[in-house]
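A.B. asks: Residue numbers (the numbering used here), protein chains in the order written: chain E, 67 to 208; chain B, 67 to 208.
To be clear, the hints were calculated from the coordinates, so they are not data collected in a lab.
Since the model is a prediction, treat every value here as computed from it, not as a measurement.
Zero decoy hints are in this set.
Note that the list lumps identical chains together, so a pair holds whenever it fits in one copy or between two copies.
Below are the DMTMM-like pairs computed for lysine to aspartate or glutamate, each with C-alpha atoms no more than 25 angstroms apart in a straight line:
| id | residue 1 | residue 2 |
| --- | --- | --- |
| 1 | Lys96 | Asp172 |
| 2 | Lys100 | Glu167 |
| 3 | Lys100 | Asp148 |
| 4 | Lys100 | Asp172 |
| 5 | Lys88 | Asp172 |
| 6 | Lys89 | Asp138 |
| 7 | Lys96 | Asp148 |
| 8 | Lys89 | Asp168 |
| 9 | Lys88 | Asp148 |
| 10 | Lys89 | Glu167 |
| 11 | Lys100 | Asp139 |
| 12 | Lys100 | Asp168 |
| 13 | Lys89 | Asp172 |
| 14 | Lys88 | Asp139 |
| 15 | Lys100 | Asp78 |
| 16 | Lys88 | Glu167 |
| 17 | Lys96 | Glu84 |
Number of protein chains: 2
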Amino acid sequence: MQIYNNILVAIDLNDEAEPVSKKACALAEKCGAKLHFIHVTEPLSYAYGGDVPMDLSAIQMQLQEHAQQRLDDFIASHNLQDCGQVLCNGHIENEVHRVAEDIGADLIVVGSHGRHGLALLLGSTSNSVLHGATCDVLAVRI
Amino acid sequence: MQIYNNILVAIDLNDEAEPVSKKACALAEKCGAKLHFIHVTEPLSYAYGGDVPMDLSAIQMQLQEHAQQRLDDFIASHNLQDCGQVLCNGHIENEVHRVAEDIGADLIVVGSHGRHGLALLLGSTSNSVLHGATCDVLAVRI
Numbered sequence: 067m068q069i070y071n072n073i074l075v076a077i078d079l080n081d082e083a084e085p086v087s088k089k090a091c092a093l094a095e096k097c098g099a100k101l102h103f104i105h106v107t108e109p110l111s112y113a114y115g116g117d118v119p120m121d122l123s124a125i126q127m128q129l130q131e132h133a134q135q136r137l138d139d140f141i142a143s144h145n146l147q148d149c150g151q152v153l154c155n156g157h158i159e160n161e162v163h164r165v166a167e168d169i170g171a172d173l174i175v176v177g178s179h180g181r182h183g184l185a186l187l188l189g190s191t192s193n194s195v196l197h198g199a200t201c202d203v204l205a206v207r208i
Numbered sequence: 067m068q069i070y071n072n073i074l075v076a077i078d079l080n081d082e083a084e085p086v087s088k089k090a091c092a093l094a095e096k097c098g099a100k101l102h103f104i105h106v107t108e109p110l111s112y113a114y115g116g117d118v119p120m121d122l123s124a125i126q127m128q129l130q131e132h133a134q135q136r137l138d139d140f141i142a143s144h145n146l147q148d149c150g151q152v153l154c155n156g157h158i159e160n161e162v163h164r165v166a167e168d169i170g171a172d173l174i175v176v177g178s179h180g181r182h183g184l185a186l187l188l189g190s191t192s193n194s195v196l197h198g199a200t201c202d203v204l205a206v207r208i
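Only chain E is shown next, with the shape it has when bound in the complex (with noise of 0.2 angstroms):
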């Protein structure tokens, strides 16, 4: 029985990647699937409620630059060159929806604390990953 074709997988690019991605490369070799990473960040706006006095359109640009050359480097220095990899900027639990949509993935792996982790399955926001994933969800505990 072919468990998983395609697993996405949500990471932070801080501490909890590394077990995260190591615990998801393990579970894609012994299912024979396609792995992706995908990193979301958040619009600078969100912090102020969308409320914003000024243009933040070159700071968030250069910010999204940085996010990716972090997660080229992850990719990198990780051997998965192989891998799909996904930088996108919006609301977590919504890009990752789209992306596993789009990929049709059939498990998604986050971390089961930290900002991308926890929250997204307990949902703060009633779109939570869980909530509205249309495929199975595997919290990895840091």
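Given the coordinates of chain E, assemble chain B onto it according to the supplied hints.
C.D. replies: Then chain B, alone, in the frame of chain E:
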């Protein structure tokens, strides 16, 4: 890399038990892990907020026997006799955590909808399975 050694599968003995156990079995086979099944019944008194005007112990015992029969039937009909099985009565998340620690589970598998699924992960109580779990949690989408 040995991903998981002891997988605890929380089942509700309703429709979701089938896909959840199927996924857990396939995963256990891939990983060479031992499977354990847990079903938790809640004390009748919970339905009354603990303020029960009558002795429910006889009814509770009947319900427990009925649950044990259903668990036995499930185990037998799915050829899971080699797996561990435990029937508990109490708070679902507490019992799942307790048994997970008892058996040294490194993965808990639950259904991602239904009473024993989503509720566990999204946690109407502060001690949801994910919050208190000391191991990975896989939510299987039904």
